[in-house]
Structure formats: C-alpha cells, structure tokens
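There are 2 protein chains.
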Amino acid sequence: MIMTKMGIKPEKLAPKDAESINHRLLVQGGFIFQEMAGVYTFLPLGLKVLSKIENIIRKHMDKIGSEILMTSLCPTENWKRTGRYDSVDILFKAIAANKMSEEKSSAEYVLSPTHEEMVTPIAQKYNTSYKDLPVAFYQIQTKFRNEPRAKSGLLRGREFRMKDLYSFHTSEESLKEFYEEAKKVYLDIFNELGLGEDTLVTLASGGDFTKDYSHEFQTRCATGEDTIYLNNETGVAYNKEVMPEGADKDANYESFNACEVGNIFPLGTKFSKAFDYTFTDKDGEQKLIWMGSYGIGPSRVMGVIVEKFFDERGIIWPENIAPFRVHLVDLKQSEKAKQIYDNLTNNGVEVLWDDREATPGEKFADADLIGCPIRLVVSERSIQAGGVEVKRRKEKESEVIAIENLLDFINR
Amino acid sequence: MIMTKMGIKPEKLAPKDAESINHRLLVQGGFIFQEMAGVYTFLPLGLKVLSKIENIIRKHMDKIGSEILMTSLCPTENWKRTGRYDSVDILFKAIAANKMSEEKSSAEYVLSPTHEEMVTPIAQKYNTSYKDLPVAFYQIQTKFRNEPRAKSGLLRGREFRMKDLYSFHTSEESLKEFYEEAKKVYLDIFNELGLGEDTLVTLASGGDFTKDYSHEFQTRCATGEDTIYLNNETGVAYNKEVMPEGADKDANYESFNACEVGNIFPLGTKFSKAFDYTFTDKDGEQKLIWMGSYGIGPSRVMGVIVEKFFDERGIIWPENIAPFRVHLVDLKQSEKAKQIYDNLTNNGVEVLWDDREATPGEKFADADLIGCPIRLVVSERSIQAGGVEVKRRKEKESEVIAIENLLDFINR
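Each protein sequence line maps, in turn, to chains A and B. Be aware that the first sequence starts at 119, since it is given in our numbering, and climbs by one per residue. Be aware that the second sequence starts at 119, since it is given in our numbering, and climbs by one per residue.
Accuracy of the hints is not assured; some may be wrong.
Pairs involving identical chains hold if they fit within one copy or between any two copies, as the list cannot separate such chains.
Claimed, not checked - Below, a list of computed lysine to aspartate or glutamate pairs in the EDC-like style, where the Cα atoms sit at most 16 Å apart:
#, residue 1, residue 2
1, 405, 513
2, 302, 180
3, 123, 250
4, 217, 207
5, 127, 185
6, 123, 180
7, 512, 486
8, 166, 185
9, 177, 310
10, 217, 204
11, 222, 204
12, 249, 473
13, 123, 185
14, 450, 507
15, 222, 430
Quick caveat, the hints were computed from the structure, so don't treat them as lab data.
Turn these sequences into a full structure, and let the hints guide you.
Spelled out as structure tokens, the structure:
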C-alpha cells in the first residue's frame, strides 16, 4: 500500500482522552477512528490487522464448525422466549428513529449481543435426528452491547467484532468431548496469533448456564482487568471470582493480571428447552439437545495484543498479524524505492511504502509507531553502499544488505 | 465441503410464503434462512456465494479506494447536522431495550442505512490540504433500513450487505473524472459477476443531492421492479422516472424490466457544507470539498443473479460465484468418491460432496437445485466403465470420462 494514497496519516500527538495503551497507540498510529466511547471505525491499517486475526480464527474454526452469517436484527419474541429480554442488562433494541419511519413500521427488534436466540432455531430446522448430530455453526460478525462507559479502547466495545461458535449434541458426553476439542483449537489459535506462551485456560463461573465451571482463555498482561490465581503445583488457574478459599495466602499460588481473550460455556439444555429443540434418538424417543457456546472477540484480541507488544516508540506487531510485513521508508523519493516496492509486492510480500514528503525523523517515528516487523530505508547512504538498510522492529541495530539478498532476509 | 457435516440440507418443498424466485430457490436450496421479512441469515452455501461476490467487488475497489470498516452505531448528532435525522423515512435507532439496560445507559444512536454522516468526518480529520486530495474510502458492511414490508428475498432487505465507496475532491472537475472512472470499474465488476452483457448504465434522478442525473446500473431481468427505456439510436438508457417525454411512444426506444444492481451519485457539496469540511487550496484559500458516493449491494446482487440464472429445476450459478465448482454425487458410498474428493480438493478445486444416505433421485434433484457448474456422479455404472460421470449444469447430456482426465475437464 502506498501511504499517500491511503487517505490516513499517523498523528504527531496521542489522543488526549486515551486511558489505555491500545486506544492511544491505535488511534495515534491511524489504525482506528473513535466514533464514540467503545465505538471504533477500522481504518485501512487497522482493518488489515483485524482481517488477519479473523482469517486465522476462521482457518481453525473450519476444522470444527460450519461458517454462517447471522443477522443483528433478531425477533424480540426469541429473547422473550428464553427470558433474556428482561434479564440482560446491556441489551439494545432497534426501533423507528422518527415519525416518518414509525409511520412505515413501528416494529421492534433486538440488536443481538450474542446469538443463542438465533442459532438455536436454525440448528433445529435442519438437525432433528441423532444421525444429524453433533453439529456446530460459527460466524464472525458484529455485536452490540449497551455499555454505559467503555474506556479501554478495543478491550470493551459497544459495537465490536465477535467469533461465536455454537455446538449441538445428543448427550452431555458428546458436548464434553466437543468442548475439549474446542479448547485445543482455541489454544492453537492463540498460538498462531502470537499469544500462545502467555495464554492460560482458567476456570470461571458457569453463570446462568451451568453449575459446572465455564472456561476462560486469559492472557497475562500488566494492564489486564482480571486477576488470575495459578496453582503452580497442579497447573490449574482460577479467575479470582472462583478461586479456592485461601489461595491468596497460599505460596503455591501465583497471582497476576490478565486480559480475557476467549471463553467457552457448556450451555446444557437451557436454550433447547426454551425452543423445544429435541431430536429423535435411535430408539425413536424425543430428547433434549445439549449445547455449548464458544467465543473469541477479534477486535478485543487486537487490543490485547497492543497492550502486550509495544515500547515507548509504538506497537510491535507479532509477525502473523502485522498490517504489513515490510515498512519501506523512502528518504530519497527516487526510482529505487519504487523498484523495491514493485519487486517485493510482485513476490507476494506485503509492503507499506512511506512515499510522503516528510522529514526522516517523522518517517522513522511513524514506522516505529505503526510497528511492522521489518523496516527498510532507501537513502542516499544506502544507495551509495549499493543496498538497502534493514532493521527489525524488535531489534535496535540496522544493517545494509545488497538488494539481491533482500527477499531472503525478509523471508528468513 | 462434506454435506453431512454442513449442518444444513436442501428442502423438498419450496417455502410457502416465497413471492420471488430468489427467495424460493435460495431458501429451498439451503443458502439462506429467513429470520423475518427482509432479514436473512446466510447459511454455509449462501455465505460462500456472498463472500465470492464481495471478494470480486473488493478486488476492483482496491484499485480506486482504501478499504475501511465503519460502525453501524452513529451519533444521532451527525444525522441532525445534515438534516437527514427527520427526513429519511426508513431510519432505525438503537436504544436501551429494557429497564435494566436503560439504567445503564439511555443514549440513542442511529443505526446507519448509509454512511455519508460517518465517512465525512473521517476524511475531514486526515485530508485538509489540496495535496491530500482526491481520496476515496470504501467498505463492505451491513446496513439497516426500517422497510415496512420486504417481500422480494434478497432484493429488498431490512438488514443487508452493502459495498459503499465515498470520494472527496478539490473541484467538481476532479469529482467528475473520478465518477467516470468508478463507472468503468463498476462495469468491470458486473462483467466478472457474470452480469456484464445484460447490465446497462442508466440515467436516474439525482435525488436531493444534485440537479444533474445520478446513474444506476440496471440488469435486464423479467422480474425486475424498474422499467428502463433504452434509446437504441443513441445508446442512452433512462429509468422510467426520468425518461424523455414521448419515449413510450417513440419507436427508437425499447423498454424492459430491470433490477438495480448499483448506483452512483455526485453528492456535490451537501455533506461537506453540513460538516464544514473545507480544504486549503494552493493559494491558501479555504474551499468546500466535492463528494461522490457509489453503492453496490452484494446480497442484492446475489438475489438478482438467481432471478436471472435458473430453470425449473433450480439455480444455475455463473462460474465465478458458484458456491462450489463441483458437486460430487456419491451413489455408491464407496472409497472411490473419497479419493476423487481428496484429489480434487488437494488440487485446489472446490467440491461439495453429497455423501448423504439418500436416493439417487433426491441427490440429482438437490444438485440441480443448488446449481454448481459441474456435477460428478460416482456410481456402480461409472466405476465399471472405469471413470466418473460428468455433466455441466447448463447442459443436458452427461458423459463418462476417465478419472485421469477429470482435472483437465474441470479446468477447461
């Protein structure tokens, strides 16, 4: 991508109202635009990162589920049926905005914050025999929550991206089996996102759904909102809300701050009961379906990654989700930079080409702020040395390498 | 994709309430699930088609604009500022659904049916010098419209997919130049979607925005809602609403039904005035920005394609957007079908494998209903003949070809 054609520039100053690292760096770097608290537009750089995160999640989800795309508008009736219309305290509804609109239609719809109320009738329409089950559907889609104040950048949104998976089973045993498989797939995802080392499965409250625990995926992070107690002897980690009595005084327990990046729930039969979703078993008997739900918020994950991987100069993106692999700083505004840009992009390397009229200082500062893994500099000096200056964002030292070795350097 | 793992099956009967061809075939084929009138979930097959359409649009849009992802929630203030809060008659707002939610936050937001009110402040933040312009942003995103009755399947939705592009210019001349370029790119898109031959640029009303015409892209279609008058001498086509006087009695004019698949508007300075969006010209003067907007509805396009390409047995997808290239009908439930499936998918061919326990009649009917370009049949007969039976959806005759020639046949 050519920077002068992108339509967006990094800013010199951080936004004044930023209370979190991800909010500050992502807005200043030109990744996101704040519409309101907790509501962000993804700008070209931000959408690149978000799409990479979503595509990694999608690749792994395809192994265990069938992708669909549900709507945000949901019949109010569905939410009344499960009793959640009145019990969920962050629920938005969509209604006519003005008189003219009301004259056309005064209908009301729930603006879905989660999709159990929509996916259950879909699964029910097509899967009513034990032969059809288990089955799992997932989607990557936008969710709405009427949060009063959302001040943590992408960590807590009123409109945000979610991957939600729902599974349907003939028995609790089948649910448990799938649940364990989903747990493994989730860990694969966080590994590929660069969060593997620091992400733990932790026990959390089952909420309304189950007397058992649910499970969260928590990433160690100094600014994290959750407190985790990890028993270093057993390896079991607990969210503070469910930690064993005395854990805070027990030397076997280590406690740390963490950000939730995913959660999985054994829903049991709560929703199948509400929708009378039964299946015909081998013996012809009608039995209730067992369900699980499994969430990862791609936009939230993007925020968590920034909270973890940054320094005083800007973001340091993990390789797999950087907006571009290479940030090409063009100080000379010469034909050389264009040649390198064309050569790399023709070889499948994603390059952000800073072709702006700006000082070297500004360009270097913006490269560090944006945080692509490799910075190339085309300057008078590098051209005279017959090469291009390369530096990894993670490292301090740069070197000049011959142009013919550039692809090897980048792909190594 | 393996059909028994998809979680969705084609239905034996068409939905009773279907008033349009696309609604009937897409629901019966298991492409979409109707939540309410004008609100459809995309099921695995439908999402495949939708994603292909969106990716074709994206590829062409990347040539003239920068992709972003705006939100649906928009500050009400923005819509009041342009005067459209009260004048747009299909506007939804999002508000707290219940008492608990209202206690948390009683704020109201517009649920965007179009994004001029959001994109203008974004462009304004980053592009205020003549050096920054022209610039164009686009997104592929979900839109909401409070339509009272939506009865045409994917043709008229209350929640639907939209590609919207917005361009920003220093002069009317620059806008006109970009507008003509966008027109060409749109025709390229409709060509690649298989609609090229039958899609015309037609003159339509400029609406609120301009005293000039706007332009629509209209696809000839027997069930289309619009009437087009084409002057066969000049080649100029008019939407009935702006046709020249007497055109309906003029032998030079041909009239036909058509479906709108895209529209482009010279917005002029309406929105830049509302947001005080000016730029600094070469001479240091502040001048108003000129804007254009350009829309294609991917979900609507999907509906139009079905309205055009079908027969009494089902859908006939154009090559580029078929959910799968190959529909593999497995009558034998043998190892042979699995070998073919693995071989083709390993060679990058998208295959839908009907591995269900069902009669040949059911499987053939469903293959025709779903409408992939090539049908393969693995049967006792084909195995004995040492090959596989192939048939194109468009043609009547099938033939048996040797397995080793299969890839050539498919890719030819």
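* Of the hints stated earlier, which fail here? -> 1, 15
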